[in-house]
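Student: The lines below spell out each chain.
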Amino acid sequence: MDYKTNFESLWKIMDEHYCYFTYKNINWDSIGNVYRLKIQRPDTLNDVTFFRICGNMLNELKDGHVNLASSFDVSRYWKWYLDYPDNFNSTILYSDRYLGKSYRIAGGFNYNVIPKTAIGYIYYGDFSSGFSGANLSYAIATLGNCDGIIIDVRNNSGGVLTYAEDIATRFTSQSITYGYMRHKTGPGHDDFSAPIAQNLTPYSENSILTNWVKKPVVVLTNRSCYSATNDFVCIMKQLPNVAIIGDQSGGGGGLPMNSELPNGWMVRYSACPMYDTNMDNIEFGITPDIKVDMSSTDIAKGIDTIIETAMTYIKQHKIN
Amino acid sequence: MLKLRVRLGFFLLFFILCSLFSQEQKNTITSGGWSLGVGGVNIYDEYLSPLVYTGTIIRGDYESMRFISLTNKNISLQRTLMVSSGFTNNPAQTNSIFYLSVRLGVGMHYHFRPVTNLKIMVGGVWDLLFASKYSFNNGNNPYSADISTHLNASGIAQYLLKINKFPIMFRYSVTTPVVGVMFVPEYGASYYEMFTLGKLGNAIHLASINNNIAWNSSLTADFIFKKMILRLAYYHDYQKNNANSLHFETMQNVFSLGTVINFSVFDRNTRKAPASFNDINL
Numbered sequence: 114m115d116y117k118t119n120f121e122s123l124w125k126i127m128d129e130h131y132c133y134f135t136y137k138n139i140n141w142d143s144i145g146n147v148y149r150l151k152i153q154r155p156d157t158l159n160d161v162t163f164f165r166i167c168g169n170m171l172n173e174l175k176d177g178h179v180n181l182a183s184s185f186d187v188s189r190y191w192k193w194y195l196d197y198p199d200n201f202n203s204t205i206l207y208s209d210r211y212l213g214k215s216y217r218i219a220g221g222f223n224y225n226v227i228p229k230t231a232i233g234y235i236y237y238g239d240f241s242s243g244f245s246g247a248n249l250s251y252a253i254a255t256l257g258n259c260d261g262i263i264i265d266v267r268n269n270s271g272g273v274l275t276y277a278e279d280i281a282t283r284f285t286s287q288s289i290t291y292g293y294m295r296h297k298t299g300p301g302h303d304d305f306s307a308p309i310a311q312n313l314t315p316y317s318e319n320s321i322l323t324n325w326v327k328k329p330v331v332v333l334t335n336r337s338c339y340s341a342t343n344d345f346v347c348i349m350k351q352l353p354n355v356a357i358i359g360d361q362s363g364g365g366g367g368l369p370m371n372s373e374l375p376n377g378w379m380v381r382y383s384a385c386p387m388y389d390t391n392m393d394n395i396e397f398g399i400t401p402d403i404k405v406d407m408s409s410t411d412i413a414k415g416i417d418t419i420i421e422t423a424m425t426y427i428k429q430h431k432i433n
Numbered sequence: 019m020l021k022l023r024v025r026l027g028f029f030l031l032f033f034i035l036c037s038l039f040s041q042e043q044k045n046t047i048t049s050g051g052w053s054l055g056v057g058g059v060n061i062y063d064e065y066l067s068p069l070v071y072t073g074t075i076i077r078g079d080y081e082s083m084r085f086i087s088l089t090n091k092n093i094s095l096q097r098t099l100m101v102s103s104g105f106t107n108n109p110a111q112t113n114s115i116f117y118l119s120v121r122l123g124v125g126m127h128y129h130f131r132p133v134t135n136l137k138i139m140v141g142g143v144w145d146l147l148f149a150s151k152y153s154f155n156n157g158n159n160p161y162s163a164d165i166s167t168h169l170n171a172s173g174i175a176q177y178l179l180k181i182n183k184f185p186i187m188f189r190y191s192v193t194t195p196v197v198g199v200m201f202v203p204e205y206g207a208s209y210y211e212m213f214t215l216g217k218l219g220n221a222i223h224l225a226s227i228n229n230n231i232a233w234n235s236s237l238t239a240d241f242i243f244k245k246m247i248l249r250l251a252y253y254h255d256y257q258k259n260n261a262n263s264l265h266f267e268t269m270q271n272v273f274s275l276g277t278v279i280n281f282s283v284f285d286r287n288t289r290k291a292p293a294s295f296n297d298i299n300l
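So the sequences go chain by chain: A and H. Position one of the first sequence corresponds to residue 114 (our numbering), numbered consecutively onward. Position one of the second sequence corresponds to residue 19 (our numbering), numbered consecutively onward.
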């Protein structure tokens, strides 16, 4: 297949399926015209240069869920976190001040009681990392005597959406609607279904060990919290005993789907926009309840400013 | 709730068809044919990909036919089962779709015998189709299914040819849907919405000629030896449907080899078929 055919196929797939043209005020026709000019002389192109042109066109959407994948490269847009402070230092996190060396591992969770405190800490760094109900029960039960619990999802760039709900079910005793989602019902930019409620049902209504519904829970976030992690933050923010501390999450509120070009390159795009309970789009992230960045002074001393803020919050809100 | 009703509906249809399938009269002569073959399949499923996938499938077919009663020689009951499965690839061979389809059918035909050795059968078939397609590289739209039930018009032409006294039964059969119900995912609905949130949306459609065209045909030649009947068969199935701004097409071409067995069951096999009994094959 020639470059023009593949270019038009890519443009059309995005035109008919991408969900944020109106929300982001993107003129896709105009973008198509600009990049179409770049492929007018196919004799000057090869697969790599053509791929770069296509990738640059997709990056106009400023969407981390949009990728073009060939056998030699994957195009990506990463400015949703590269343009912001890291707010994460794994060396400090795994130091003896916090997680230490004797932490337990259950599924994808690394957890421990923070030394010299009564505060539980769970680090979950990848929503693609699977876990069982037993993994989660053990982690939470182990920390059951603590005054509060910190769930750190910083630098977690997403994964399986249902894992977000599986974790959140442990922190509510009531069924709640935590957000909505829609999907395209046709090729028009504004052809969307009615909002579909996303509901959270409690894992247990009376278990003390597995259900943290009264003690303070803090979720730590930074700009690298994306996609399923963003959705997790959206869920947890609805719960009364939960505070979000750190930086705004990175976003990625459009559930991605896949398609492909005639030459076999796969394209991923945001297909189903997700909203919070106010029907505000979560594509650009969730604002924390307490905004705090890691200070360079603290980093130099081996202190994680965000964890320290969370510890202070828990001490202030602990149930006597 | 809708998802539950749809599931229950299709399970109910499945069990009704299975029960019709398993019913056997006390006294019957049934012609049963099995065949197994290999062929090609083309899949176009816009929910999964804008490209046509092609590949190889293996396919098994079973068909039985008998008159509805001992004395009747004009109205027959037909039961069919088709199972096919295989892997297909996109034109660039960078992704695969696993394909599995099952079709159950129960039909009735009226038999016309315009000239010696020629039989024309006309009737209807009720079928239930389940075809599953899994795309290996897709994330939240990895799976698509053709689930439908139809009332079909059906026609069969059968001719017994003798070459140097060696009998060969040629048969051409075709069914095409008239009306039915089909499942089609919504244009951009994700796997998560359908299977986790349980929101099928506008996924159940009335299937008629304006949005669903299918042509399931077979050409068979039964070589009738003294102790066995050998069947050579060619199956051509084509299905095309449109709904929710999505377009689907599937085509199978399969060559098969099989056998035909005529069962005679009288008083639970306690006696032979009487000579005057109506042979389904004639």
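Think of the hints as simulated: they come from the structure by calculation, not from any bench. A portion of the hints provided could be inaccurate.
Unchecked claim - Anything over 12 Å on all C-beta distances counts as not near chain H; from chain A, calculated:
1. 125
2. 166
3. 175
4. 195
5. 274
6. 297
7. 298
8. 378
9. 385
10. 409
To be verified - No farther apart than 30 Å at their CA atoms in a straight line, the calculated lysine-lysine pairs in the DSSO-like style are these:
11. H/258 with H/180
12. A/117 with A/214
13. H/258 with A/125
14. H/245 with H/180
15. A/117 with H/244
16. A/151 with A/175
Note that beta-carbon positions come from the ideal geometry of N, C-alpha and C, so glycine has one too.
Student: All hints, please: hold or fail.
Tutor: These are the hints, each one checked on the structure:
With a least CB separation of 8 Å from chain H, residue 125 of chain A falls inside the 12 Å interface cut-off, contrary to its annotation. Taking the minimum C-beta to C-beta distance to chain H, about 19 Å, the non-interface status of residue 166 of chain A holds against the 12 Å cut. With a minimum CB-CB distance of about 20 Å to chain H, residue 175 of chain A clears the 12 Å threshold, and the non-interface call stands. With a cut of 12 Å on Cβ distances, residue 195 of chain A stays outside the contact zone with chain H, its closest approach being about 23 Å.
A beta-carbon of chain H comes within 12 Å of the beta-carbon of residue 274 of chain A; the shortest separation is about 6 Å. Not every CB of chain H is more than 12 Å from the CB of residue 297 of chain A (nearest about 3 Å), against its label as outside the interface. With 12 Å as the threshold on Cβ separation, the claim that residue 298 of chain A sits away from chain H is violated: the shortest Cβ distance comes to roughly 5 Å. The beta carbon of residue 378 of chain A sits about 8 Å from the closest Cβ of chain H, which is not more than 12 Å, so the claim that it is off the interface is violated.
The claim that residue 385 of chain A is not at the interface with chain H is violated, since a C-beta of that chain comes within 12 Å of its own (minimum 5 Å). Non-interface call for residue 409 of chain A relative to chain H: holds, since the shortest CB-CB distance, roughly 38 Å, exceeds 12 Å. Only pairs whose Cα atoms come within 30 Å are accepted, and residue 258 of chain H paired with residue 180 of chain H is rejected, the gap being roughly 38 Å. Our distance criterion of 30 Å between C-alpha atoms is broken by residue 117 of chain A and residue 214 of chain A, whose separation comes to about 56 Å.
Restraint check for residue 258 of chain H and residue 125 of chain A: satisfied, since their Cα atoms lie roughly 23 Å apart, inside the 30 Å limit. With a C-alpha separation of about 17 Å, the suggested pair residue 245 of chain H and residue 180 of chain H falls inside the 30 Å cut-off, and the hint holds. For the given pair, residue 117 of chain A sits about 63 Å from residue 244 of chain H by alpha-carbon distance, which is inconsistent with the 30 Å threshold. For the proposed pair residue 151 of chain A and residue 175 of chain A, the alpha carbon gap of about 20 Å is at most 30 Å, so the pair holds.
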